[in-house]
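Here are the chains, one letter per residue:
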Amino acid sequence: MKYLGYVFEHLRKDLRLEWRSRDAINGMLFFVLLMVVVFSIAFDPAGYPSVTRQISGGILWVGLLFASMTALNQSWSREQRNQVLEAQRMAPSPASALFVGKALANMLFVLAVEAVLAPIFVVFFNLHVLGNAKLLALILPLGTWALVVNGTFFAALGLRARNRELLLPLILLPLSLPAVLMMVQATTGVLTGELDPIYLRSWITQLAGYDLIYTVVCVLLFETVLNAE
Amino acid sequence: MKYLGYVFEHLRKDLRLEWRSRDAINGMLFFVLLMVVVFSIAFDPAGYPSVTRQISGGILWVGLLFASMTALNQSWSREQRNQVLEAQRMAPSPASALFVGKALANMLFVLAVEAVLAPIFVVFFNLHVLGNAKLLALILPLGTWALVVNGTFFAALGLRARNRELLLPLILLPLSLPAVLMMVQATTGVLTGELDPIYLRSWITQLAGYDLIYTVVCVLLFETVLNAE
Amino acid sequence: MSTAAPIRSETAAAAASLDSVSKIYGAFAALRNVTTSFPAGSSTVILGENGAGKSTMLRVLAGLITPTRGKAIVFGGPPHLHRHRVAYMSHSTMLYDELTAMENLTYFATLHRGDGCACVGSPEMALRAVGLDPALTRPVGQYSQGMRQRASLARVLQTDPELLLLDEPFSNLDVKSAGQLVELLADFRTWPVPGGGSRTLILTTHQASLAEPLADRTLTMRQGQIVDLSTGTNG
Amino acid sequence: MSTAAPIRSETAAAAASLDSVSKIYGAFAALRNVTTSFPAGSSTVILGENGAGKSTMLRVLAGLITPTRGKAIVFGGPPHLHRHRVAYMSHSTMLYDELTAMENLTYFATLHRGDGCACVGSPEMALRAVGLDPALTRPVGQYSQGMRQRASLARVLQTDPELLLLDEPFSNLDVKSAGQLVELLADFRTWPVPGGGSRTLILTTHQASLAEPLADRTLTMRQGQIVDLSTGTNG
Amino acid sequence: MARSSTLRTVAWLWLAATVAVLVVGFRQAIFLAPMEETMGNLQRIFYYHLAHAILGLIFPYINLAASLAFLYWRRRDPLKALTADALAVASAEITVLFVGITLATGMLWGKPAWGIWWTWDARLTTELILWLLYISYLMLRRFSPTGQTGVLSAVLAVFAAIDIPIVYMSIQWWRTQHPAPVFGPEGGGIDPAMVPAVLWNLAGWAMWGIFLIALRFAVERRHQIAEQDAALLALEASLETPQ
Ligand code: HEM
Ligand SMILES: Nc1ncnc2c1ncn2[C@@H]1O[C@H](COP(=O)(O)OP(=O)(O)OP(=O)(O)O)[C@@H](O)[C@H]1O
Ligand SMILES: Nc1ncnc2c1ncn2[C@@H]1O[C@H](COP(=O)(O)OP(=O)(O)OP(=O)(O)O)[C@@H](O)[C@H]1O
Ligand SMILES: [Mg+2]
Ligand SMILES: [Mg+2]
Numbered sequence: 000m001k002y003l004g005y006v007f008e009h010l011r012k013d014l015r016l017e018w019r020s021r022d023a024i025n026g027m028l029f030f031v032l033l034m035v036v037v038f039s040i041a042f043d044p045a046g047y048p049s050v051t052r053q054i055s056g057g058i059l060w061v062g063l064l065f066a067s068m069t070a071l072n073q074s075w076s077r078e079q080r081n082q083v084l085e086a087q088r089m090a091p092s093p094a095s096a097l098f099v100g101k102a103l104a105n106m107l108f109v110l111a112v113e114a115v116l117a118p119i120f121v122v123f124f125n126l127h128v129l130g131n132a133k134l135l136a137l138i139l140p141l142g143t144w145a146l147v148v149n150g151t152f153f154a155a156l157g158l159r160a161r162n163r164e165l166l167l168p169l170i171l172l173p174l175s176l177p178a179v180l181m182m183v184q185a186t187t188g189v190l191t192g193e194l195d196p197i198y199l200r201s202w203i204t205q206l207a208g209y210d211l212i213y214t215v216v217c218v219l220l221f222e223t224v225l226n227a228e
Numbered sequence: 000m001k002y003l004g005y006v007f008e009h010l011r012k013d014l015r016l017e018w019r020s021r022d023a024i025n026g027m028l029f030f031v032l033l034m035v036v037v038f039s040i041a042f043d044p045a046g047y048p049s050v051t052r053q054i055s056g057g058i059l060w061v062g063l064l065f066a067s068m069t070a071l072n073q074s075w076s077r078e079q080r081n082q083v084l085e086a087q088r089m090a091p092s093p094a095s096a097l098f099v100g101k102a103l104a105n106m107l108f109v110l111a112v113e114a115v116l117a118p119i120f121v122v123f124f125n126l127h128v129l130g131n132a133k134l135l136a137l138i139l140p141l142g143t144w145a146l147v148v149n150g151t152f153f154a155a156l157g158l159r160a161r162n163r164e165l166l167l168p169l170i171l172l173p174l175s176l177p178a179v180l181m182m183v184q185a186t187t188g189v190l191t192g193e194l195d196p197i198y199l200r201s202w203i204t205q206l207a208g209y210d211l212i213y214t215v216v217c218v219l220l221f222e223t224v225l226n227a228e
Numbered sequence: 000m001s002t003a004a005p006i007r008s009e010t011a012a013a014a015a016s017l018d019s020v021s022k023i024y025g026a027f028a029a030l031r032n033v034t035t036s037f038p039a040g041s042s043t044v045i046l047g048e049n050g051a052g053k054s055t056m057l058r059v060l061a062g063l064i065t066p067t068r069g070k071a072i073v074f075g076g077p078p079h080l081h082r083h084r085v086a087y088m089s090h091s092t093m094l095y096d097e098l099t100a101m102e103n104l105t106y107f108a109t110l111h112r113g114d115g116c117a118c119v120g121s122p123e124m125a126l127r128a129v130g131l132d133p134a135l136t137r138p139v140g141q142y143s144q145g146m147r148q149r150a151s152l153a154r155v156l157q158t159d160p161e162l163l164l165l166d167e168p169f170s171n172l173d174v175k176s177a178g179q180l181v182e183l184l185a186d187f188r189t190w191p192v193p194g195g196g197s198r199t200l201i202l203t204t205h206q207a208s209l210a211e212p213l214a215d216r217t218l219t220m221r222q223g224q225i226v227d228l229s230t231g232t233n234g
Numbered sequence: 000m001s002t003a004a005p006i007r008s009e010t011a012a013a014a015a016s017l018d019s020v021s022k023i024y025g026a027f028a029a030l031r032n033v034t035t036s037f038p039a040g041s042s043t044v045i046l047g048e049n050g051a052g053k054s055t056m057l058r059v060l061a062g063l064i065t066p067t068r069g070k071a072i073v074f075g076g077p078p079h080l081h082r083h084r085v086a087y088m089s090h091s092t093m094l095y096d097e098l099t100a101m102e103n104l105t106y107f108a109t110l111h112r113g114d115g116c117a118c119v120g121s122p123e124m125a126l127r128a129v130g131l132d133p134a135l136t137r138p139v140g141q142y143s144q145g146m147r148q149r150a151s152l153a154r155v156l157q158t159d160p161e162l163l164l165l166d167e168p169f170s171n172l173d174v175k176s177a178g179q180l181v182e183l184l185a186d187f188r189t190w191p192v193p194g195g196g197s198r199t200l201i202l203t204t205h206q207a208s209l210a211e212p213l214a215d216r217t218l219t220m221r222q223g224q225i226v227d228l229s230t231g232t233n234g
Numbered sequence: 000m001a002r003s004s005t006l007r008t009v010a011w012l013w014l015a016a017t018v019a020v021l022v023v024g025f026r027q028a029i030f031l032a033p034m035e036e037t038m039g040n041l042q043r044i045f046y047y048h049l050a051h052a053i054l055g056l057i058f059p060y061i062n063l064a065a066s067l068a069f070l071y072w073r074r075r076d077p078l079k080a081l082t083a084d085a086l087a088v089a090s091a092e093i094t095v096l097f098v099g100i101t102l103a104t105g106m107l108w109g110k111p112a113w114g115i116w117w118t119w120d121a122r123l124t125t126e127l128i129l130w131l132l133y134i135s136y137l138m139l140r141r142f143s144p145t146g147q148t149g150v151l152s153a154v155l156a157v158f159a160a161i162d163i164p165i166v167y168m169s170i171q172w173w174r175t176q177h178p179a180p181v182f183g184p185e186g187g188g189i190d191p192a193m194v195p196a197v198l199w200n201l202a203g204w205a206m207w208g209i210f211l212i213a214l215r216f217a218v219e220r221r222h223q224i225a226e227q228d229a230a231l232l233a234l235e236a237s238l239e240t241p242q
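Chains as they are written, first to last, in numbering that gives the first Met the number 0: chain V, 0 to 228; chain Y, 0 to 228; chain B, 0 to 234; chain H, 0 to 234; chain U, 0 to 242.
To be clear, the hints were calculated from the coordinates, so they are not data collected in a lab. Treat the hints with care, since some could be wrong.
[Claimed, not checked] Restricting the straight-line Cα-Cα distance to at most 27 Å, the calculated cross-link-like pairs of lysine-lysine (DSS-like) are: (1) B/Lys175 <-> H/Lys175; (2) U/Lys110 <-> H/Lys70; (3) U/Lys110 <-> V/Lys133.
On a predicted model such as this, the values are computed, not experimentally measured, just so you know.
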């Protein structure tokens, strides 16, 4: 209970900070919009309509992957600015609460972005969901959490590195590959409606498993990372 | 002549700095490599071989776009670190030479990355160039310069901004969209061999025109940006 | 993370001590085999040239870096066991620029509460003590250097620490502001500790003259070693 | 960018001057209607509290920021016309961390050459003058604070400036290093100027006592204004 | 004082005239213009689409001109430069609005006309890029450090303006799904009965756009002047205090 109290306190702080600046989330939204446009220009969905549905799952997640990576890179920068991180390290509250709070805050941001993005995506790619659309409400949060939890963790890990912006993708991309595979397969399955429901379920279960394992590992190891110096 | 001397001096300095650390080029290489892997997982080239050739031009350029954007964001960080930029502003040599030198250096880095990337790309996507492969030797440098020249310029413009990492894509992506369109169309045209040579030529000419116009504007306005304060 | 045996061993005079501590960065030794102790209730000023290892020593005591060799002991145990009794202020504010001083302090206060110990002063009081108005709605990022330094000090004072570590608290301050800070710190030393016990102060500075009123003990460092320890200029 | 009419008007006594200059950031006036001039050949120490506007004034003179109102005049023209005769050193090194001091200096020297003016001293000489070994192969990033300060000084000295602007050159330096710096600067003022003329020095500091040997004129600022100007303590 | 009250009267008169013209335009477009054979009543969206599209290509030029003026005056006459900056923001915002409406009406029309909301043809794509460019212009204004906003955004405005002629020429340069222009030398021409509706709407929306720009300009100016006054006040107050 105490622990949840700390988590809530950290989450509230992050949301408040974000609310104060608000630029980040606006920028983020615009960035994702731009990604969609770049992808659609690059992959010309109108040119090959038959192809579109098959690659749109991939495009969606690759776009979100890069967008959230850009955002996550920034997510500890406020802690870093005035050495606030050292104040956090000196605080007697558990370090992992800080991590969970920030991951939740990031999750909320990315979900907000997705909510705006979804309709635009549908329009630009001229999509009709042929499968069970409700499953998307399960796949999207699971996939997002997979990106966010590792992203938050490794952004903290890379904080003191020289080439911070470059480092995060280098670590995060290989780690996220399995998750990306699962999300893309599941999403494409729902969009095309061609995938056997049994396979679909297995992809989703695996994704949930991935989330669970990595969340536990992140929470357990965060204190070590924070006090790495 | 004097001007070229300054440009050369700046270029040499940037190359030497990069050689000392090799951060940018290594990071970029790995990043692009990962992009290729992510994309091949997300788009499953083996699954839809017929599609691959049509989207591979897009994948190539989107990958390069994001990789170079990440690297370009860093390209002025060395100048910023110890306020070296102020020393540059105080120097009597022309400001635009500094810009041209850095843009050339960045161009060399990205070209190096492309040289390594090309064979890997061919292998992963199992590509055979069906059109006139020699044209690629024209399209790649033209497209790269289009990305690099604006990227270098706007990285300098965003230097003192609050959300630097986020700002660059927000400005650069819309500006580069026409160029991306041209590069992708030209590249895909060469890869598939389906595009009428007349159209192909027109895409390439347009790309060259884009490069020319933006280079001139960048060189003319750089001093203003450098002394914006 | 059980709070092992000797919690109250500081009755044995030392609030903190270093036992042949070395800290090596790459091939460079920032601290070389330093052994010293800081008596409970004392106030120590650490002087020394650039790169002498002053900041490194404070950070070892704060538990922010682990020594390469040797041991740091704070209140009889490793530094991280007694986080609620120790506070560290560096030359950065260690506060969020976008929040007001009050919001910052309240946030950090909640992180210190719990653990069955209510050893946290109120943020308002701490702000008043350093001469800032708790009702100020400007975010800390818009404060002047002097106000920041005060807010930063309020952050460490509100947790009511028994061991206070200050790294160059006067740097970039003009003489008047610095004087006020010294007075405040001298006052802080007299505040009573709830459970009984005394307050220990360790600070580094380049301006020895400014810190004189606080210098029970003056410790001089050079090249990672303690080269001089003089006691009793005052206090 | 033609070097307009009055290049040598500093024979009319002022190397640089400010003509009712104000610099306003948002709604905050960092400089308020400052009018002053710095005679050619003089050496001026600027004192003042935090936020008094000292750095702002130097940066206006260096042409790094444009005043909101009023005009800065350097050698009879706007500051950016005489870049090769002015040098500015801030508390950062303004050098690339990854290059050695020699590489840094050679690079900046080439940027100053040209314009038909060979008014650039050699990097080796400048490094020797500040007491650094030109053959040192360590990059500047691994220098100690004192060595950096020296290298930074060498950067400005090698361009053989007639007007030298220094922003807190002694901050973060220990007393001994600072003393050496002061000596070097005093020496610099006696170096002959190739085309005839004299060397002008303007520096800010919080440690008035250290800079005393350089204080022909002492200028005190408060809240963006000059509140005191005293001449002739020495020199 | 007198000047500002006449200005206010002019503004109100202008607004009244605008509304009047728009009402006429509405009547012309919805009730008087003949129905088009293939698309029926839906075609009436055309009058709004066209007016906004054309104006959306004109307003960014105001932004460009103001930005260039800003860069020219920046050192020479800071006060004039500030005015130019205010005009630049105003025109950029209204550009975003008008181009946005073009996109929206175009999409609304595209769904029944082409069966899809959106397609990546050159006209649509370049128009979208134009919209994105001016959004990024506004973004830059928010992100840029105080004191440099004007310069940095003016520079971006020059880059962005390069896209305007490309949008205009897009239908000539590339094959597009979007129909060819109806006016101009190669235009197919439209039913003369539709001309009044086109012209009335064009005039009305142009007046509306100009009104919005003027309004936004006035607000921005007031903002700038308030800021200056605050600074001046602080400056003067401090000058009075004895030293
Ligand atoms: C600068 C931008 C634009 C201009 C100047 C423009 C102008 C026009 C004109 C003059 C017509 C009437 C053509 C005719 O009836 O023969 C038209 C039709 C149309 N426009 Fe646009 N437009 C622009 C952008 C757009 C955009 C961005 C969209 C879609 C999002 C769009 C969608 C349409 C549609 C669906 C039609 C009707 C097509 C048809 O009749 O087949 N337009 N436009
Ligand atoms: N993270 C680090 N990596 C490498 N070297 C370091 C690191 N931190 C400190 N040092 C080195 O350790 C030495 C001691 O540093 P420290 O910061 O303790 O000095 P200091 O006495 O506080 O000096 P100052 O008065 O300049 O603050 C310095 O030479 C410094 O270069
Ligand atoms: N870029 C800026 N934006 C906003 N305010 C600024 C900026 N630069 C300086 N100021 C403000 O202008 C005032 C004068 O700053 P300046 O750096 O000139 O002071 P200073 O006399 O050098 O002080 P210090 O002794 O602390 O270096 C300060 O209050 C500062 O907050
Ligand atoms: Mg230190
Ligand atoms: Mg200063």
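For each hint, the structure was consulted:
1. B/Lys175 <-> H/Lys175: Given that 27 Å is the threshold and the Cα spacing comes to 25 Å, the pair holds.
2. U/Lys110 <-> H/Lys70: Answer violated: U/Lys110 to H/Lys70 is near 61 Å, above 27 Å.
3. U/Lys110 <-> V/Lys133: 26 Å, holds
Of the numbered hints listed earlier, the single one contradicted by the structure is hint 2.
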